[in-house]
Amino acid sequence: MTRTFDHTNTIWCAGCGHFGVRNTLVSALRDLEVPPHETMVLAGIGCSGTIQNNVEAYGYHALHGRVLPAALGVALTNPHLTIIAAGGDGDGYAIGAGHLVHTFKRNPAMVYLLMNNAVYGLTKGQDSPTAAPSHEAAEQGMDGISLGLALPGTTFLARAFTGAPEQMDRLMRAALIHSQQGRGFAFLEILSPCVTYNDTYADWAGRVVDLEADDRYDRFDRAKAFGRVHEVSEGGGIPTGLVFEGDGTDMAARIMVKGTVAPAHQPTDVDAHLDGYRDLMAEYAV
Amino acid sequence: MSKPKTIIDLTAMVAGQGGDGSLTVISILTELLARRGYHLFTSRNVASRIKGGLAAATMRGSVARRGCLGDSFDLLVAFDQEAIDLNGHLVADDGVVIYDASDGPLDRTSLAEAVKVIEVPFGRYAVRDLRRDLFKNSLSFGVISRLLGIAQDEAQDCLTHALRRLPPRLLEPNVRAFRFGLDFADEVGLGLGQGPWCVDRVAREEQLLINGNDALAFGFMAAGGRFYAGYPITPATEILEFLQKHLPARGGIALQAEDELAAVNMAIGAAMTGTRAMTGSSSPGYSLMQEGIVHAGSAEIPLVIVDSQRSGPSTGMPTKPEQSDLDMMVFGGNGEFPRIVLAPGGPKDCFDLAVTATNLAQRLQCPVIIALDQAVAQDARTIPYFDLEAVEAEPGVRLDAAGLSKMAAYGRYQITDSGVSPWAVPGTPGGMNLITGNERNEWGLVSTKPDVRQAMAEKRMRKIAALGDDLPLGQRFGDDGAEVGILGIGMQTGVMDEAVARLQVSGIAVAGLQPRTLWPVPQETLAFIAKRRRVVVVEHNVEGQLRRLLMGAGANGDRLGSVRKYNGTPFGPSELVAALLSDPAFADNVAEMGIVA
Ligand SMILES: Cc1ncc(C[n+]2csc(CCOP(=O)(O)OP(=O)(O)O)c2C)c(N)n1
Ligand code: SF4
Ligand SMILES: [Mg+2]
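One line per chain: the protein sequences are A and B, in this order. Quick note: the first sequence, position 102, residue 102 per the numbering used here, numbers continuous. Going from the second sequence to the numbering used here is simple: count from 1 and add 286.
Only true hints are included.
Simulated coverage check for chain A against chain B, where a stretch passes if three residues somewhere in it have a Cβ under 8 Å from a Cβ of chain B:
1. 49 to 56
2. 74 to 80
3. 249 to 257
4. 260 to 268
5. 273 to 286
Selected chain A positions facing chain B (Cβ under 7 Å, derived; list incomplete):
6. HIS37
7. MET40
8. GLY59
9. PRO69
Source of the hints: derived by calculation from the structure; they are not laboratory data. Cβ coordinates follow ideal geometry from the N, Cα and C atoms, glycine included.
Working from the sequences, and respecting the hints, build out all of it.
Right, dumping it as structure tokens:
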């Protein structure tokens, strides 16, 4: 066996929520028997943006905020891969927020793990878009799930908490399966506390509300989901669980002619399309 | 009436209110001259100065192959007074103006004395059930066909061919309008053979009439390019549109991104799967892409990036050509990384260099930038058919499962002599690796150790050194033995060619060079300069960026003259000749050779 990079060394502070995210991802990939060479983990910049170094898979460290467009480029050109994009709340809700909106619209087959610690960990403790607003704060909070609910193309919106590992494990698997089945973009925000700059374990543990714990909750009803999320948030709770699931088809399947070989596996030699190129050239003839 | 003159070189403009499609005269005239075997050059907006949407289309048809418009317009079709006010001074002394006199007679202040004006009262003719702009074009073409002494059958055939995509119910009235034009010509004494000109019939092989953007996109596709992402911007949009139209049927994808940051990062993602990927924009969009371009340089991702330069700074003049992003393309971005900048001078170069760029990116695993300018991007001209059979797609240094199994260990950033590391793309069994823009060790794991950093920085830069002079050579004009020279890229190419030829005719030997590789500055370019007493650098920017780039690469600045323009219009051939002769050292050296200009 060819030796490849050592994926066991983490850089995180002891107790950081990101460990839980990583461990859950690794076990879900293993249990779902996704071969490492057919898995690609793409991460943004931040403490969260080192998770790709700790999974046995192909890994990519994107620019700050640009993990989603890069992951889209991968997803469209090689849909055979299992793609996991990951990053922090600064990465996904601040500098990269625009891309999140458009990825929701496009519904590409991938999992996006947004590791939310309500702080900028790597740059040592500045406020992030999800930082708890005080009453004198200049900005109000940001909620990726409500944002996703507001856009008609979304198909999978969920929130987990590293303090609730069983739920996180279940949602991680559901997200991977959603994307593997070609249903599209599985958005999984994981509340992943930063013990060093914003230790929210106790606070969040007291506020999370698993929407699915209520038998009557209908995760396929977008309007009701929105109502419930609003209600829970207004009451000071943090809605978790698989908040919304909708029908959809992965973007690659929508835009590629059925049965065509993926761009990454197309022949590159000119002979493969010579006649077509000649015909096209003839359109310019004078 | 004097005998008609055979016109072997005709420059024409159609100007009026209205967008694309209304200036159809140019395409019909183009069809006519193409059938007669003339070479063609067309340009859309040389004079599309703003205000109420005044648009102009221009063309040159000539027996000799030309890469620019002529010095003045032999024919101007003006659909309103504003078109005359803005362009009248550009009409040749013996030129002809066709004017829409529906709103009253022409104020000819801006026209030379001898210019012949034909005032057509378009309003007199019925325009029911047709598009008025098209109708005017067809009627004008009737008049033009008489000016050029073309028989009705031939002219009508060109008209119906050029308008073949129109539904029959629109085509028929246009043919009628064309005949109104003939009737009107008869009325004003322009019967067949009574016009000032006649058109030659020359033999030339069938060719392509194509602009730089389309040719570039075509070349990328032919070289196996299968992913493009862009965001609409003039004058780069045609690349996106071409690829959106033609890539899907060939198993590729062209995507309109939400912005340029997304576009460049999507292309980076696609490139990581081993797909040949490109992104493109124009100046302000390219400046947004720089973070991504630097990242591709650091992370060693093969990527082609196009900058269809327009006039800056900031949003500048979107439809006007400039070459003021040279510094940005060559030096822009943070840190240092290997990059190549290629500079096509016309559609043929665009095709060829797109192939080269796509291959170089794979071979070196770094960004390769293609520098266009609005003129190169959007002007079309006749060129020989692309040599498709000659296109080869270089695979680059890839690893498959078999190759990997022979290695004890594999990391993405293995230090090599060439600086290029073997690459296993995702999906390759056993090849799991890490790609990052941070400094890293051979595994791709972030590292700031001094020796690792130094080795990695040097490894990346070795890619360029290892390449040596294996980069596209420039195009030469004129007399290579001449003591004086002229040097320019992109939109200067066609004009330089013609200026050099004209000087040659008046006994002044000049050597011309259009470098096709801008960065790294090739030995060829420096040798061209070192060999002469004076080389004038021609460019479209304020600061003389190309000249500065050459000096930075070691060219002797004392020998380098500078001719610059930055008003949004290209040089014309005589304008360039005059500019060259006004360079004192150029003129001195010409005089010393015993030739007086
Ligand atoms: C363009 C750019 N701007 C700023 C930074 C600096 N920076 C690095 S990580 C980071 C924020 C990280 O916060 P978050 O995304 O929440 O991740 P966390 O560290 O909390 O996991 C910032 C601002 C950068 N790397 N690139
Ligand atoms: S700083 Fe915070 S987010 Fe970063 S590793 Fe430490 S605990 Fe985790
Ligand atoms: Mg954070």
